[in-house]
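First to last, the protein sequences are chains A and B.
Counting along the first sequence from 1, when you hit position 378 you're at 379 in my numbering, and nothing is skipped either side.
Counting along the second sequence from 1, when you hit position 19 you're at 20 in my numbering, and nothing is skipped either side.
Just so you know, these hints were derived from the structure itself, not from any lab.
Misleading hints may appear alongside valid ones.
Identical copies look the same in the list; a pair holds intra-copy or inter-copy alike.
Below are the BS3-like pairs computed for lysine-lysine, each with C-alpha atoms no more than 30 Å apart in a straight line [stated by the list, open to error]:
#1 Lys186 x Lys387
#2 Lys18 x Lys251
#3 Lys205 x Lys387
#4 Lys446 x Lys435
2 protein chains.
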Amino acid sequence: MLELIDLNRQLSKEIYKDLFPKLELRMGELQRAAKEAGVPLIVVFEGWDASGKGTVINRLTQSLDPRGFTVHAIKPADETEQRYPWLWRFWNRLPAAGHIAIFARSWYMRVLDEAVEQTASPDEVREAYEDILQFERQLTDSGVVIVKFWLHISRKEQRQRHKQLLNDPATAWTVGKAERQQNRKYDQWLASVETMLERTLTAKAPWTVVEATQDRFARTKVFETIIDALEEELDYRRQHPPVPPQPMPKPEPSPTQEHSILDRADLSLSLPRDEYEQQLKGLQTRLRQLEHELYQARIPAAIVYCGWDAAGKGGNIRRLTSSLDPRGYQVIPIAAPTEEEKAHHYLWRFWRRLPKSGHIAIFDRSWYGRVMVERVEGFCTEDQWKRAYREINEFECELAEFGTVLVKFWMHIDSDEQLRRFRAREETMEKHWKITDEDWRNRGKWEHYKVAVTDMLRRTSTTYAPWTILEANDKLHARIKALETVAAAIEAGLAKGRRAP
Amino acid sequence: MLELIDLNRQLSKEIYKDLFPKLELRMGELQRAAKEAGVPLIVVFEGWDASGKGTVINRLTQSLDPRGFTVHAIKPADETEQRYPWLWRFWNRLPAAGHIAIFARSWYMRVLDEAVEQTASPDEVREAYEDILQFERQLTDSGVVIVKFWLHISRKEQRQRHKQLLNDPATAWTVGKAERQQNRKYDQWLASVETMLERTLTAKAPWTVVEATQDRFARTKVFETIIDALEEELDYRRQHPPVPPQPMPKPEPSPTQEHSILDRADLSLSLPRDEYEQQLKGLQTRLRQLEHELYQARIPAAIVYCGWDAAGKGGNIRRLTSSLDPRGYQVIPIAAPTEEEKAHHYLWRFWRRLPKSGHIAIFDRSWYGRVMVERVEGFCTEDQWKRAYREINEFECELAEFGTVLVKFWMHIDSDEQLRRFRAREETMEKHWKITDEDWRNRGKWEHYKVAVTDMLRRTSTTYAPWTILEANDKLHARIKALETVAAAIEAGLAKGRRAP
Chain A
2 MLELIDLNRQ
12 LSKEIYKDLF
22 PKLELRMGEL
32 QRAAKEAGVP
42 LIVVFEGWDA
52 SGKGTVINRL
62 TQSLDPRGFT
72 VHAIKPADET
82 EQRYPWLWRF
92 WNRLPAAGHI
102 AIFARSWYMR
112 VLDEAVEQTA
122 SPDEVREAYE
132 DILQFERQLT
142 DSGVVIVKFW
152 LHISRKEQRQ
162 RHKQLLNDPA
172 TAWTVGKAER
182 QQNRKYDQWL
192 ASVETMLERT
202 LTAKAPWTVV
212 EATQDRFART
222 KVFETIIDAL
232 EEELDYRRQH
242 PPVPPQPMPK
252 PEPSPTQEHS
262 ILDRADLSLS
272 LPRDEYEQQL
282 KGLQTRLRQL
292 EHELYQARIP
302 AAIVYCGWDA
312 AGKGGNIRRL
322 TSSLDPRGYQ
332 VIPIAAPTEE
342 EKAHHYLWRF
352 WRRLPKSGHI
362 AIFDRSWYGR
372 VMVERVEGFC
382 TEDQWKRAYR
392 EINEFECELA
402 EFGTVLVKFW
412 MHIDSDEQLR
422 RFRAREETME
432 KHWKITDEDW
442 RNRGKWEHYK
452 VAVTDMLRRT
462 STTYAPWTIL
472 EANDKLHARI
482 KALETVAAAI
492 EAGLAKGRRA
502 P
Chain B
2 MLELIDLNRQ
12 LSKEIYKDLF
22 PKLELRMGEL
32 QRAAKEAGVP
42 LIVVFEGWDA
52 SGKGTVINRL
62 TQSLDPRGFT
72 VHAIKPADET
82 EQRYPWLWRF
92 WNRLPAAGHI
102 AIFARSWYMR
112 VLDEAVEQTA
122 SPDEVREAYE
132 DILQFERQLT
142 DSGVVIVKFW
152 LHISRKEQRQ
162 RHKQLLNDPA
172 TAWTVGKAER
182 QQNRKYDQWL
192 ASVETMLERT
202 LTAKAPWTVV
212 EATQDRFART
222 KVFETIIDAL
232 EEELDYRRQH
242 PPVPPQPMPK
252 PEPSPTQEHS
262 ILDRADLSLS
272 LPRDEYEQQL
282 KGLQTRLRQL
292 EHELYQARIP
302 AAIVYCGWDA
312 AGKGGNIRRL
322 TSSLDPRGYQ
332 VIPIAAPTEE
342 EKAHHYLWRF
352 WRRLPKSGHI
362 AIFDRSWYGR
372 VMVERVEGFC
382 TEDQWKRAYR
392 EINEFECELA
402 EFGTVLVKFW
412 MHIDSDEQLR
422 RFRAREETME
432 KHWKITDEDW
442 RNRGKWEHYK
452 VAVTDMLRRT
462 STTYAPWTIL
472 EANDKLHARI
482 KALETVAAAI
492 EAGLAKGRRA
502 P
């Protein structure tokens with residue numbers, strides 16, 4: 002695509018002086034309108050070294066309300082960042098609704114610098130493209146506006162700029178080996194840039210190539226493009242007011258849609274207490290050892306607990322953690338999202354809480370809330386929960402590709418057992434706090450949840466992240482099975498010998 | 002996902018007798034409603050051999066109006082089909098708006114049979130997944146409903162069914178080597194099926210796994226699933242009436258959005274007639290030879306002509322073809338789509354007209370109509386033309402991957418030259434038919450078209466399918482440049498030595 006770019010484009014001072022102040026005003030107005038409408042905006046600046054990214058970003062930020070944007074200067078991943086899946090650091094930097102995130106360099110480093118310098122293998126680059134397309138699709142589907150710029154200058158122009166920078170002691174330090182290297186390998190870079198533009202030019206997150214020989218011109222085009230994108234999104238939202246989410250209607254009984262996955266669980270499974278005590282001891286010792294080996298091997302693990310109210314998640318998790326070294330694991334209770342969390346993609350809060358390599362994160366409830374409680378209660382739209390299955394699979398696939406040990410438990414009890422436990426909680430003073438009106442309300446929707454849980458289990462049980470159903474009418478059985486499952490999964494992860502970088 | 006499937010599921014005769022007739026009635030009603038609403042439906046049946054695909058399809062068709070559906074039994078690609086990109090045969094079989102296409106086996110053969118039997122390489126399988134996701138996305142984006150079934154039986158069940166079939170001379174022939182092979186390699190197949198389900202489970206084209214041990218059960222679930230999908234789409238369309246397309250507003254002049262790609266074309270380029278005659282002769286001889294070599298090498302070529310009215314497409318094409326062997330090429334004039342074409346995805350009519358391997362197709366106008374005239378005149382919605390850039394790039398990428406030589410010309414003249422030619426046409430009796438009121442109307446929108454053409458050139462000039470701008474104020478120059486470009490492209494294609502299978 003770049004062969005069509007005219008790098009000689011200029012803007013006269015007169016035209017610029019007339020036009021640019023208007024653009025700046027409009028930019029300010031649109032920032033306020035976007036804030037009002039809750040539109041998050043991501044602006045990505047990629048481009049040749051010395052193409053003027055810094056200058057144009059600087060100009061952009063001057064026209065914005067500083068409380069509404071953040072500039073993220075992206076460098077190669079540091080040691081901490083390398084201990085997470087590669088997109089983690091970008092998920093962490095996503096703008097909330099109404100905010101602007103400006104990226105000076107971005108996730109595209111992976112398919113540019115790392116591809117050219119071959120610090121990423123061709124397979125990693127190929128996967129990176131898939132990851133990027135998924136990442137941007139998840140964001141734009143959720144209403145994020147993404148504007149991507151490639152600042153383009155010729156090889157000759159770059160060489161001249163480098164020379165100029167080197168001549169001035171104040172700027173000479175900005176032109177290092179890597180920068181000169183890029184000029185030498187200009188053609189190789191060019192090929193990677195072309196591939197990048199071709200592969201990631203989507204309707205919702207398109208690239209704009211900016212002729213950057215003249216700052217004035219570049220800056221004007223950048224402003225115009227951002228203004229257009231925001232106006233378009235605001236227009237769209239005015240014309241398409243959101244469809245209010247609906248709670249799930251009462252499921253109609255159907256003989257083929259009966260929910261046999263859950264009904265098949267053998268809830269009579271149980272374990273005598275003496276056997277339990279004995280096995281527990283052995284398993285806990287083994288797990289402590291495995292925690293240590295995970296740490297050594299720098300492999301992260303995520304253990305997810307979902308299940309019916311009163312199925313025994315808390316007690317189960319306590320047995321899992323009681324012998325672990327607390328420096329190596331963390332229990333992450335998931336409640337209703339905060340206001341800040343609601344202002345982001347729903348997976349954002351889980352990305353932020355991923356275990357770093359060598360560590361274990363135990364999620365007490367999880368990202369599956371979207372396709373369970375949020376679906377049933379109508380806390381999200383039908384589009385949102387339907388999209389979520391694929392988004393979750395993609396998310397877990399990224400964890401798995403990074404080498405994460407992933408265990409997902411559905412703790413299953415039957416409706417009678419739940420009733421017994423609810424009553425026991427009401428009757429026992431010290432357990433009283435554990436039972437609320439909400440629990441009773443949820444219980445009233447048992448059949449709704451059963452449909453949602455069945456859909457969830459079916460659609461998100463994958464080869465890289467299968468579900469394990471814990472038959473939990475007998476708590477002792479459920480605990481031993483959980484610990485055994487975790488131990489086996491960690492051993493398999495260690496055996497795969499996949500070491501996080 | 003398959004580990005969660007309960008293959009023992011049954012439906013009692015009583016329940017079935019009560020339920021099934023209602024489903025059949027509903028199916029008929031929905032077929033009529035979908036026809037009315039112009040909803041195209043694709044139903045894909047994949048599944049184990051002997052899982053009962055034929056039986057359930059048979060039952061399904063009995064409840065449908067036979068004028069409204071077609072069953073496509075998919076076998077390995079035959080010789081003709083192998084001469085086109087692999088998805089060609091499926092594009093050819095797409096249902097029109099309001100129609101139903103039932104696929105007994107489908108494009109998933111590529112990632113199942115061919116993957117397991119290794120008749121497709123791992124790279125081909127990987128590409129096939131991308132192609133499939135693109136294909137289904139393009140269809141569902143355009144409003145096609147896709148329902149996909151995997152009919153699941155156990156290895157043991159399959160073996161028993163094979164035995165039964167073999168025992169009866171009337172059916173013994175249906176169990177050949179391939180069928181027994183599948184049972185032997187059941188686990189290998191299972192792994193491929195899992196991968197397929199995981200990778201192609203999208204929100205808009207989801208898989209339904211059908212427990213197919215009992216026909217009665219399988220059939221009921223298939224009916225219920227199709228009914229749900231149709232009801233959902235019809236509901237959606239009722240709630241979201243289509244936004245009427247708008248003609249392009251008059252472009253606002255902007256100094257950075259001036260359309261320099263076209264303005265940069267050097268329209269003073271020309272060629273004296275004697276030089277022209279001499280070069281023409283040589284080029285035509287060379288092209289005839291190249292046509293023959295293409296044929297031998299079984300490489301297809303697609304030459305696309307786009308350009309301003311009166312830019313000289315016809316004359317240029319005549320010079321290209323005049324010395325070619327008419328058995329090896331075809332000129333395909335593209336006019337406004339017919340009613341049948343409008344009832345399909347807009348790329349459908351181009352897929353159907355692709356050159357087969359060894360042949361040359363010359364398109365006089367092309368698939369770029371969507372982002373030019375349809376955008377400018379408002380013959381399609383904004384969503385549609387915005388999506389089209391990516392769809393076109395994906396389409397051309399599939400052609401290129403198949404080894405197709407692809408040349409795209411934009412014939413460029415300036416507005417004054419067009420006016421001269423229009424007037425000449427009006428004044429010359431024998432050219433009078435060439436100029437219509439519509440030409441004058443289009444001319445009135447020169448600035449609109451300029452914006453559309455510039456966007457088109459920028460967004461669809463790729464490494465695998467770059468644009469060539471023909472400076473056509475001088476027809477002789479444009480003709481020689483066109484012939485040279487085609488010759489060079491064919492030579493490059495031959496050199497790549499990529500042979501179509």
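Quick rundown of the hints versus the structure:
1. Lys186 x Lys387: Answer is neither: 45 Å inside a copy and 34 Å across each miss the 30 Å cutoff.
2. Lys18 x Lys251: between (63 Å within a copy, 25 Å between copies)
3. Lys205 x Lys387: Classified as both; 20 Å inside a copy, 9 Å across copies.
4. Lys446 x Lys435: within (19 Å within a copy, 71 Å between copies)
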